[in-house]
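Peer 1: Here the protein sequences line up with chains A and B, keeping their order. Residue numbering for the first sequence is 1 to 374, as defined by the numbering used here. Residue numbering for the second sequence is 375 to 683, as defined by the numbering used here.
Note that these hints are calculated values from the structure, not bench results. Cβ coordinates follow ideal geometry from the N, Cα and C atoms, glycine included. One thing to keep in mind: the hints can contain errors.
Stretches of chain B that chain A covers, calculated by requiring three or more beta carbons in the stretch to come under 8 angstroms of a beta carbon on chain A [to be verified]:
| no. | stretch |
| --- | --- |
| 1 | 455-467 |
| 2 | 470-484 |
If you want the ones that stay clear, here's a sample from chain A, every Cβ over 12 angstroms from chain B, calculated [what the hints assert, rightly or not]:
| no. | residue |
| --- | --- |
| 3 | L107 |
| 4 | V294 |
| 5 | P297 |
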Amino acid sequence: MSPRALPVIVLACIGLLAALAFPFLYVTPNRLLSGEPHSPHVVALALVWLLIVGLGVTPVSGSRGVVAVLAWGLIAGLPLLASMDARMLLLAAPPSARVPLGAGFWLMWLSASLLLLDRLRELRRAARMSGWITLVVALVGMGMAGAFDTLALAREFHAQRGPFMDALLTHLTLAATTLLVALVIGAPLGWWAWRTRRADGAVVGLLAFLQTVPSLALFALLIGPFAWLAHAWPALGALGFGGTGAAPAVFALVLYALLPVVRYTIAGLGAVPADARDAARGLGMSRLQLLSRVQLPLGWPVLLAGLRIVAVQTIGLAAVATLIGAGGLGRFVFLGIGQGANDMVMLGTLAIIALALAVDLLFQAMLALTERRS
Amino acid sequence: MIEFDHVHKRFGDHVVIDDLSLRVEDGEFFVLVGPSGSGKSTLLRTVNRLVHIDAGSVRIDGVDVATQAVETLRRGIGYAIQSVGLFPHRTVGENIATVPRLLGWPDRDIRARVDALLELLKLDEPGFANRYPDTLSGGQQQRVGVARALAARPRIVLMDEPFGALDPVTRESLQASLKAIQRDTATTILFVTHDMDEAFGLGHRVALMLDGKVAQVGTPLELIRHPVNERVREFVGGSRARLRELAVRCVRDSMRRGEVAGGDAIDGAASLQDALGAMLMQGRDRLPVLDAGQVAGAILLADLVASRE
Numbered sequence: 001m002s003p004r005a006l007p008v009i010v011l012a013c014i015g016l017l018a019a020l021a022f023p024f025l026y027v028t029p030n031r032l033l034s035g036e037p038h039s040p041h042v043v044a045l046a047l048v049w050l051l052i053v054g055l056g057v058t059p060v061s062g063s064r065g066v067v068a069v070l071a072w073g074l075i076a077g078l079p080l081l082a083s084m085d086a087r088m089l090l091l092a093a094p095p096s097a098r099v100p101l102g103a104g105f106w107l108m109w110l111s112a113s114l115l116l117l118d119r120l121r122e123l124r125r126a127a128r129m130s131g132w133i134t135l136v137v138a139l140v141g142m143g144m145a146g147a148f149d150t151l152a153l154a155r156e157f158h159a160q161r162g163p164f165m166d167a168l169l170t171h172l173t174l175a176a177t178t179l180l181v182a183l184v185i186g187a188p189l190g191w192w193a194w195r196t197r198r199a200d201g202a203v204v205g206l207l208a209f210l211q212t213v214p215s216l217a218l219f220a221l222l223i224g225p226f227a228w229l230a231h232a233w234p235a236l237g238a239l240g241f242g243g244t245g246a247a248p249a250v251f252a253l254v255l256y257a258l259l260p261v262v263r264y265t266i267a268g269l270g271a272v273p274a275d276a277r278d279a280a281r282g283l284g285m286s287r288l289q290l291l292s293r294v295q296l297p298l299g300w301p302v303l304l305a306g307l308r309i310v311a312v313q314t315i316g317l318a319a320v321a322t323l324i325g326a327g328g329l330g331r332f333v334f335l336g337i338g339q340g341a342n343d344m345v346m347l348g349t350l351a352i353i354a355l356a357l358a359v360d361l362l363f364q365a366m367l368a369l370t371e372r373r374s
Numbered sequence: 375m376i377e378f379d380h381v382h383k384r385f386g387d388h389v390v391i392d393d394l395s396l397r398v399e400d401g402e403f404f405v406l407v408g409p410s411g412s413g414k415s416t417l418l419r420t421v422n423r424l425v426h427i428d429a430g431s432v433r434i435d436g437v438d439v440a441t442q443a444v445e446t447l448r449r450g451i452g453y454a455i456q457s458v459g460l461f462p463h464r465t466v467g468e469n470i471a472t473v474p475r476l477l478g479w480p481d482r483d484i485r486a487r488v489d490a491l492l493e494l495l496k497l498d499e500p501g502f503a504n505r506y507p508d509t510l511s512g513g514q515q516q517r518v519g520v521a522r523a524l525a526a527r528p529r530i531v532l533m534d535e536p537f538g539a540l541d542p543v544t545r546e547s548l549q550a551s552l553k554a555i556q557r558d559t560a561t562t563i564l565f566v567t568h569d570m571d572e573a574f575g576l577g578h579r580v581a582l583m584l585d586g587k588v589a590q591v592g593t594p595l596e597l598i599r600h601p602v603n604e605r606v607r608e609f610v611g612g613s614r615a616r617l618r619e620l621a622v623r624c625v626r627d628s629m630r631r632g633e634v635a636g637g638d639a640i641d642g643a644a645s646l647q648d649a650l651g652a653m654l655m656q657g658r659d660r661l662p663v664l665d666a667g668q669v670a671g672a673i674l675l676a677d678l679v680a681s682r683e
């Protein structure tokens with residue numbers, strides 16, 4: 001057994017355990033009450049996971065590819081399987097009944113995803129990308145065709161479609177505004193801190209301290225000052241500026257985003273060789289020319305890597321911003337918790353995760369492009 | 375013409391340049407030589423104002439450099455450094471074109487100039503201009519660095535130990551290239567090195583700097599034959615100064631015309647050191663000398679040993 005097979009075996013064992021010991025799905029009388037567990041495919045799913053364990057323990061030629069294909073099939077097939085079960089179960093149930101997914105399903109889905117991640121990691125970028133893209137296309141295609149409509153999650157989505165799309169847009173707007181403002185403030189701040197050297201420690205120290213303030217507390221702390229500002233300058237209030245809403249939310253999110261932006265700006269400037277800087281100045285470049293022709297092209301990949309972290313972090317943090325009335329996908333999470341509607345919580349959470357992954361992929365693609373050019 | 379007029383510079387309490395005055399003539403290859411910390415690099419960097427002086431003035435053709443816009447001043451002066459400092463994200467051609475681009479030359483002129491410089495610095499293999507600096511050897515990188523310094527045909531070029539990090543063979547080849555370019559273009563070169571042999575080999579005149587002052591300035595032969603004090607004598611080489619003298623003198627000036635000798639002939643343009651080496655190799659005490667391709671006389675070991683003013 002090679003050490004590279006270890007993740008496969010561990011993940012397959014988790015999948016096996018999930019298939020045997022946890023419910024695949026539930027049938028509930030309505031969207032709020034809890035219901036009966038159902039696990040219709042214990043034996044079949046357990047056999048699939050056992051096969052993967054076996055392929056991990058005794059690697060024959062081509063077994064890695066088989067594992068990857070099986071994982072791909074599980075990620076795409078498990079929701080389809082659950083959806084078909086739900087159709088059968090709902091035939092004999094009242095119209096208000098729902099079929100939410102159980103812990104067994106989620107654990108297997110997670111294990112299969114990690115398996116595919118592990119298997120695709122060894123491949124070239126193009127093969128890796130095509131693996132993921134075909135998967136996303138398959139899942140989205142089936143979803144659009146209504147293949148999952150019998151599942152509680154899809155029904156929750158259809159019931160909330162309008163608010164969901166609004167929340168998604170708000171979430172994206174909050175994150176994009178934050179990223180832009182943080183870049184506009186953070187990049188010059190980082191440049192200044194880098195140039196003066198001595199300010200470096202003070203600026204980073206202050207921002208690192210801000211980072212330790214819990215997000216919920218920071219949002220709450222801002223309500224007072226922002227309400228006062230809106231009260232003192234009614235013109236600001238008329239623009240939608242107040243103790244709650246988007247303004248304090250973006251303000252707080254920017255405070256969290258500044259540390260990574262400043263850090264990575266400093267790191268990016270540090271990535272420019274000192275002798276290239278000396279030569280550029282000696283040959284007669286102005287500060288602006290040095291920045292645009294030497295420092296920016298050489299430091300940009302580092303800054304972009306930082307922005308990737310900021311973007312993912314901001315999408316996660318923005319979920320909390322809903323508590324001060326800024327809206328966004330966090331609304332479903334907190335509303336769902338309040339109502340005891342687990343599917344609503346799941347809908348918000350999955351959307352936030354998917355959004356973070358999509359943005360992460362986008363930044364990875366941009367990084368790959370800049371690397372190829374240089 | 376570069377004039378340093380009572381220049382002072384201190385970093386904190388440490389005096390780096392101490393009331394220094396010096397004049398570099400037009401078309402001169404002028405070398406500042408001295409140990410680390412003697413202030414030679416700092417002095418060089420006062421010319422393009424990478425170092426700001428505390429008192430005195432630096433003038434180019436009579437105009438104080440402090441009165442000019444700093445970017446304009448620098449674009450008019452070539453600059454090459456030991457670590458080369460090529461821009462890693464730009465090709466060789468783009469690196470060389472840096473100053474012409476800053477000056478807004480038309481594309482056609484820039485391309486022609488880059489091609490000419492690649493040829494001048496023996497870098498004219500196909501596709502070389504499109505290569506990136508990290509694919510070049512150290513010697514090639516420094517050739518590109520020198521080409522970049524010469525790109526906008528500056529009348530003055532500052533060079534801060536440009537060959538210090540190269541292996542001896544590559545260094546000698548670059549020294550020869552630079553010497554020929556300087557002779558052909560009559561560019562004024564201010565060159566910093568800590569290597570006495572390099573200083574004497576390249577410079578029309580050499581200034582030995584010690585503790586922020588010029589200890590002695592003169593032609594290589596003047597420094598070798600007439601050191602003004604014991605410290606200069608020490609730096610010039612003590613007992614080995616005579617060997618250095620052989621290196622800077624040329625065979626043609628010491629040969630005996632019409633004299634006959636056996637063995638492989640040596641060229642009149644070679645140094646006396648080369649002649650001594652050839653005698654040792656061939657086990658002879660006299661060699662025939664070629665002048666314009668013809669045997670014109672001989673060089674004698676006895677003349678090398680005895681040759682003093």
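Peer 1: Hint by hint, note whether the structure agrees.
Peer 2: For each hint, the structure was consulted:
Given a C-beta distance limit of less than 8 angstroms, the hint that chain A covers the stretch 455-467 of chain B holds, as 8 residues qualify and 3 suffice. For a cut-off of 8 angstroms, the count of residues in the stretch 470-484 of chain B with a CB near a CB of chain A stands at 3, and the three-residue condition holds. Chain B leaves L107(A) outside its interface by the beta-carbon criterion, the shortest separation being 47 angstroms against a cut-off of 12 angstroms. Here V294(A) does not stay apart from chain B, with its beta-carbon only about 6 angstroms from theirs, under the 12 angstroms limit.
Non-interface call for P297(A) relative to chain B: violated, since the shortest CB-CB distance, roughly 5 angstroms, does not exceed 12 angstroms.
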